[in-house]
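Please arrange chain B on chain A, whose structure you already have, making use of the hints.
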Amino acid sequence: GQNIDQPTEMTATEGAIVQINCTYQTSGFNGLFWYQQHAGEAPTFLSYNVLDGLEEKGRFSSFLSRSKGYSYLLLKELQMKDSASYLCAVIWSTSGTYKYIFGTGTRLKVLA
Amino acid sequence: DTGVSQDPRHKITKRGQNVTFRCDPISEHNRLYWYRQTLGQGPEFLTYFQNEAQLEKSRLLSDRFSAERPKGSFSTLEIQRTEQGDSAMYLCASSEQGGAFFGQGTRLTVV
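Protein chains in written order, with the numbering used here: chain A, 1 to 112; chain B, 1 to 111.
Okay, chain A solo, but in the shape it has when bound (with noise of 0.2 Å):
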């Protein structure tokens, strides 16, 4: 089967820095994304990792290990618009075909 594992809530503070931890099966993995959905709305794109190492783009970062099945997102000087769900999501790629399989999310919480 194809299992992505993450916590289902996270609370964290302005200001603050947070992780958010992924894991997942390796078999036909062909690359790791994360996604910020807030309530009502589509998911958008925030990274996009293929190779180990980190990834950083502003005030996120996302990080892979393919060995180990394991990546984070991680969120500095958090601010109120933070408050989402952050989606995990593996592409996987069998025959051909290519498709992306997601978490359930980890609603995160921003508190003044």
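Calculated pairs, DSBU-like style, for lysine-lysine (alpha carbon to alpha carbon, straight line, at most 30 Å):
| no. | chain 1 | residue 1 | chain 2 | residue 2 |
| --- | --- | --- | --- | --- |
| 1 | B | Lys-11 | A | Lys-99 |
| 2 | B | Lys-11 | A | Lys-81 |
| 3 | B | Lys-57 | A | Lys-99 |
| 4 | A | Lys-57 | A | Lys-109 |
Simulated restraints, written as ranges between beta carbons of each label pair:
| no. | chain 1 | residue 1 | chain 2 | residue 2 | range |
| --- | --- | --- | --- | --- | --- |
| 5 | A | Thr-44 | B | Thr-20 | 24 to 34 Å |
| 6 | B | Arg-107 | A | Lys-57 | 24 to 34 Å |
| 7 | A | Thr-44 | B | Ser-27 | 18 to 28 Å |
| 8 | B | Leu-60 | A | Ala-112 | 32 to 42 Å |
The set of hints was computed from the structure by calculation and includes no laboratory data. In this text the structure is predicted, and so the values were computed from the model without any measurement. Backbone N, C-alpha and C fix where the C-beta goes; we use that ideal spot for every residue, glycine too.
Okay, now just chain B, sitting in the frame of chain A:
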């Protein structure tokens, strides 16, 4: 606007009726995906097109569901004989290489 667009944004239908949703992907994207999302869950994969070819279909998709992408551009998702359990947000996404970009979704309510 050159993003992914979906129509309609909202649909309320009576149980047993058929509904059809449309998705217009980003024009240069050859991959198109349909997902279903319910409250508190991540998007669930339904089906995937590479150009006009439907390459994969989830076992979640019963025979009441059908999707097409006749010319490799826009796609339609039809649900026949809707049931209350079909109530969800139906998301379309498209990609080339890298991340998929999502439309705003069609929220279906079956009453």
